[in-house]
Amino acid sequence: MSDSSIKARIALVGNPNAGKTTLFNALTGKNQKVGNYAGATVSRKSGTFFTPHGHKLELIDLPGAYSLDPNSPDEKITRDVLIGDQESEETPDLILCVLDATHLERHLYLLLQVLDLGYPVVAALNKIDSAEAQGLSLDPTALSEGFGVPFVAISAMTERGITQLKHALRHPFPSPPGRLWKGPAELEDAIEKSIKLAETKGETHPTASGLTSVANKGPETKEFIQKTRFEFIHRVVEAGLQRPNEDSLALTDRIDAHALHPVRGWIIFTALMLTVFWSIFKLAEVPMGWIEQSQEALQGWVESLIGKGDFQSLIVDGIIAGVGGVLVFLPQIVLLFFFISLLENSGYMARAAYLMDGVMSKVGLSGKSFLPLLSGYACAIPGIMATRTIPNAKERLATILILPWTSCTARLPVYTLIIPLIFAGALQQGLALFGIYALGTITALFAAKFLKPSLGKTEAPQFLLELPPYQKPQWTHVLRQVGERAFAFIKKAGTVILGLSIILWFLESYPKSDSDDPIVQQSESFNGQIGEIMEPVVAPLGWDARMGTAMMASFAAREVFRSSLAISYATDEEDGEEMRDRLTASTRADGAALYTPLVGLSIIVFFVYALQCLPTTVVVRRETGSWKWATGQLAAMTVFAYLAALMVYQTGKLLGYS
Amino acid sequence: MANFAKDLELDSALTLSQAAIGCEFQIRQVQGPACSQLRDIGFCEQMRVKKLTDGRNMLCTVCGTRLALSRDLADQIQVVPA
Chain B
1 MSDSSIKARI
11 ALVGNPNAGK
21 TTLFNALTGK
31 NQKVGNYAGA
41 TVSRKSGTFF
51 TPHGHKLELI
61 DLPGAYSLDP
71 NSPDEKITRD
81 VLIGDQESEE
91 TPDLILCVLD
101 ATHLERHLYL
111 LLQVLDLGYP
121 VVAALNKIDS
131 AEAQGLSLDP
141 TALSEGFGVP
151 FVAISAMTER
161 GITQLKHALR
171 HPFPSPPGRL
181 WKGPAELEDA
191 IEKSIKLAET
201 KGETHPTASG
211 LTSVANKGPE
221 TKEFIQKTRF
231 EFIHRVVEAG
241 LQRPNEDSLA
251 LTDRIDAHAL
261 HPVRGWIIFT
271 ALMLTVFWSI
281 FKLAEVPMGW
291 IEQSQEALQG
301 WVESLIGKGD
311 FQSLIVDGII
321 AGVGGVLVFL
331 PQIVLLFFFI
341 SLLENSGYMA
351 RAAYLMDGVM
361 SKVGLSGKSF
371 LPLLSGYACA
381 IPGIMATRTI
391 PNAKERLATI
401 LILPWTSCTA
411 RLPVYTLIIP
421 LIFAGALQQG
431 LALFGIYALG
441 TITALFAAKF
451 LKPSLGKTEA
461 PQFLLELPPY
471 QKPQWTHVLR
481 QVGERAFAFI
491 KKAGTVILGL
501 SIILWFLESY
511 PKSDSDDPIV
521 QQSESFNGQI
531 GEIMEPVVAP
541 LGWDARMGTA
551 MMASFAAREV
561 FRSSLAISYA
571 TDEEDGEEMR
581 DRLTASTRAD
591 GAALYTPLVG
601 LSIIVFFVYA
611 LQCLPTTVVV
621 RRETGSWKWA
631 TGQLAAMTVF
641 AYLAALMVYQ
651 TGKLLGYS
Chain D
1001 MANFAKDLEL
1011 DSALTLSQAA
1021 IGCEFQIRQV
1031 QGPACSQLRD
1041 IGFCEQMRVK
1051 KLTDGRNMLC
1061 TVCGTRLALS
1071 RDLADQIQVV
1081 PA
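Just so you know, the protein sequences line up as chains B and D, in that order. Everything in the first sequence is counted per our numbering, starting at 1 for the first residue and increasing by one. Everything in the second sequence is counted per our numbering, starting at 1001 for the first residue and increasing by one.
Careful, some of the hints might be misleading.
In silico negatives: residues of chain B with every beta carbon more than 12 Å from chain D [said to hold, decoys possible]:
#1 ALA65
#2 GLY84
#3 GLN226
#4 HIS261
#5 ASP357
#6 THR416
#7 TYR510
#8 THR596
#9 PRO615
Facing chain B, according to a computed beta carbon distance under 7 Å, are these residues of chain D, among others [to be verified]:
#10 ALA1020
#11 ILE1021
#12 CYS1023
#13 GLN1026
#14 GLN1037
#15 ILE1041
#16 GLU1045
#17 CYS1063
#18 ALA1068
#19 SER1070
#20 ARG1071
#21 VAL1080
Heads up, simulated DSSO-like pairs for lysine-lysine below, C-alpha to C-alpha not over 27 Å straight-line [said to hold, decoys possible]:
#22 B/LYS201 / D/LYS1050
#23 B/LYS166 / B/LYS196
#24 B/LYS193 / B/LYS217
#25 B/LYS166 / D/LYS1050
Since the hints were made in silico from the structure, they are not lab data. Source: prediction; values computed, not measured. Think of the CB as a built atom: it goes at the ideal place given N, C-alpha and C, for glycine as much as any other residue.
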């Protein structure tokens, strides 16, 4: 019979790329909870599962770490949880250490450090199928004897060995083997005294504190301990692991010979990126058409149901036009996240970072900054959080400050609305989108070059990166990631965008004018009045009052630019006409076309550079620990965006474009 | 005599950046400001390392793991032919 109360807490520990998250998902399934560690933006993932004996256990997925001597804020959380220094987090009852069987020796170092702390441990030898495919012969019994803890061979991806692993996690847990390596008598004496001192001081984890204080006595002691641990690992692994004799050229080697080549590598990278951007336009066409048709059908149905009046206008022109105008971009956003997740999952992202290191070093950053910048294409917030893996503090700050210039998906609705006004054909439109992303990235890199020296002197960033082997994407993982993002987007459309659409509709519809002419109504509405104030500010950019109002509204959320225009133009144009056709047909007071390619370019340039995302500003404040950087970034990016759009429009006009 | 043999071995040691591509080496010593970080990721004494590419950043494998590291870091790793 199963017992619903939690019997024990297990922490999942392992090196990055060991397959921790896959194992976490395999064990806990849908019983997961995501939160944050107190005082940190590092996310805390926990879940529950039952052992074959019916005991309920809680599993905490700790951030990946190479060792318990932290080199980044992520690794610090793992260390702090294990030594009991993490606020509002109890120390776990057992550690489930995930080891990559294909890179065993390297991963065992962390296991040995965990054992030093005196925890009971179960070791999961993950990726056993890949190890077997490489001809590696592992002996879990010999490893168990050597380390004094159970070793279970598993494949988290195919869920092979998960039942055996659950059996090994049965309660009561195995007794901890303690520290396995021994130093000379002098060192052992020092460690013993230090642990006793920590005990008398009442430290939470005296073994850890004692060992750490001895190791920190000098670099020589630390080096000695590191070497002794590796010597121990070497001895045990000789008995528990046999490598194949011939050095076969693995699939990863063959792919990397092209993917990391100084010329072919760049061709592959550019081709991949172009394919992604082209697909965003081409593949999304059909589902976008369905959403547009559904929106129109829904508007027609509501119009037939509710009589003409303010209520009908609120539902049709406010809510359906505003929310639908944003929801129509769901297929493009899903595709972008799908491709990013696919590239990450297959192991290609680390190769892109390797290639980019040469470019990044020219602006004082390293390839490590490229991965957060790439995440920024999806959303700036996870991108900023991903900078936690950058060990150099100045490099991290510079990356955070330039990151919002890598175009996130919230800008996509604006780009994909405006690009077809300038270019026809999916290929040209795809190239234009690629160009927009390149513009943001190149400017961000130039900004880093000028910004970094002003942040103070620092050591040149050093590049050290693991390149995981290429693997077939884990489709469940990819689909889960895409699903989460799609849900977040729909939720945003149903909450923030819905609320703002209602406000915008109200500002557009009130106060009521005596005239029946929709143009007069609009000019007398609150929006019209705001537009009048904004017009002198945005007129030098080639924009009209409605665009100015939409730009102001988009500071709450970028997507609202599209909703705001949809609501503005829904009130004075013929029914059933598509939004883009309405924009093309709209004119200035003198009858000249309003949305010319030059105006489109000016809008795009503004949106590439403006930081119109309050959650990003809040996260920058949290990550940098200062409002100075967060507000400075917001102000600087807004001013830069305005000046860039101004320069584009005015230069274009001087060159004879309208 | 034993000391002489060790000195002789260290004299013949190369840094990883000087090592030839495609050959297997054993790490003799890791010394420099980033030595702790290098050991944590797997570049520890006695480990076998194979250099795959050269350049500003080089690729190598340690215990089957493929790692990319900058020349500055590779200069801190002394190796001898395995």
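Hint check results:
no.: 1; hint: ALA65; in the structure: violated (9 Å)
no.: 2; hint: GLY84; in the structure: holds (22 Å)
no.: 3; hint: GLN226; in the structure: violated (5 Å)
no.: 4; hint: HIS261; in the structure: violated (9 Å)
no.: 5; hint: ASP357; in the structure: violated (6 Å)
no.: 6; hint: THR416; in the structure: holds (36 Å)
no.: 7; hint: TYR510; in the structure: holds (61 Å)
no.: 8; hint: THR596; in the structure: holds (46 Å)
no.: 9; hint: PRO615; in the structure: holds (33 Å)
no.: 10; hint: ALA1020; in the structure: violated (15 Å)
no.: 11; hint: ILE1021; in the structure: violated (13 Å)
no.: 12; hint: CYS1023; in the structure: violated (11 Å)
no.: 13; hint: GLN1026; in the structure: violated (11 Å)
no.: 14; hint: GLN1037; in the structure: holds (6 Å)
no.: 15; hint: ILE1041; in the structure: holds (5 Å)
no.: 16; hint: GLU1045; in the structure: holds (5 Å)
no.: 17; hint: CYS1063; in the structure: holds (4 Å)
no.: 18; hint: ALA1068; in the structure: holds (5 Å)
no.: 19; hint: SER1070; in the structure: holds (4 Å)
no.: 20; hint: ARG1071; in the structure: violated (9 Å)
no.: 21; hint: VAL1080; in the structure: violated (16 Å)
no.: 22; hint: B/LYS201 / D/LYS1050; in the structure: violated (47 Å)
no.: 23; hint: B/LYS166 / B/LYS196; in the structure: violated (36 Å)
no.: 24; hint: B/LYS193 / B/LYS217; in the structure: holds (14 Å)
no.: 25; hint: B/LYS166 / D/LYS1050; in the structure: violated (37 Å)
Hint compliance for this structure: hints 1, 3, 4, 5, 10, 11, 12, 13, 20, 21, 22, 23 and 25 are not met, and every other hint is.
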